[in-house]
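The working numbering puts the sequence shown at residues 156 to 236.
Quick caveat, the hints were computed from the structure, so don't treat them as lab data.
Careful: at least some of the hints might be erroneous.
[Said to hold, decoys possible] Computed list of lysine to aspartate or glutamate pairs in EDC-like fashion (alpha-carbon distance at most 20 Å, straight line):
(1) K158 - E223
(2) K228 - E168
(3) K195 - D183
(4) K208 - D183
(5) K208 - D185
(6) K209 - D183
(7) K195 - D181
(8) K209 - E196
(9) K226 - E168
(10) K164 - E223
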Amino acid sequence: MEKAYEFAKGRPENEISARQWRILIDPDRDLLGGVLADWKEQSAFSATFVEEKKTQIARAFDTIIELESGKKKPDEVRNSP
156 MEKAYEFAKG RPENEISARQ WRILIDPDRD LLGGVLADWK EQSAFSATFV
206 EEKKTQIARA FDTIIELESG KKKPDEVRNS P
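Construct the complete structure from the given sequences, taking the supplied hints into account.
Quick look at the structure:
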């Protein structure tokens, strides 16, 4: 994941996509990085928690993919709730 972030960060005019990668893998946030960090400490989660995080993480990956493919413009991500 870190390599994907570094790759995105190194591409020209790719600031928003790189920022989305950083949010996804940040251990202090609530997406993939945070879940993995918490998993090291807790080792188990409720089924409800896992399902919610799967949905959130999948949406984050979808956003990155849409940005990288050009299907979504940076302004659409920047201005979303």
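Going down the list of hints, with the structure as the test:
1. Of the supplied pair hints, the one linking K158 and E223 holds, its CA atoms being roughly 15 Å apart against a limit of 20 Å.
2. Straight-line distance between C-alpha atoms of K228 and E168 comes to about 12 Å, which keeps the hinted pair within the 20 Å bound.
3. Between K195 and D183 the CA atoms are separated by roughly 13 Å; this keeps the pair inside 20 Å, and the hint holds.
4. Distance check on the hinted pair: K208 and D183 sit about 15 Å apart at the alpha-carbon level, within 20 Å; holds.
5. Taking the CA atoms of K208 and D185, the gap is near 8 Å; set against the 20 Å cutoff, the hint holds.
6. Using a Cα cut-off of 20 Å, the hinted pair K209 and D183 holds, with the two alpha carbons roughly 17 Å apart.
7. Between K195 and D181 the CA atoms are separated by roughly 15 Å; this keeps the pair inside 20 Å, and the hint holds.
8. Only pairs whose Cα atoms come within 20 Å are accepted, and K209 paired with E196 is accepted, the gap being roughly 19 Å.
9. At most 20 Å may separate the alpha-carbon atoms for a hinted pair to count; K226 and E168 meet this at roughly 15 Å.
10. The hinted pair formed by K164 and E223 meets the criterion: a straight-line CA distance of about 12 Å does not exceed 20 Å.
Checked against the numbered hints given earlier, the structure satisfies every one of them.
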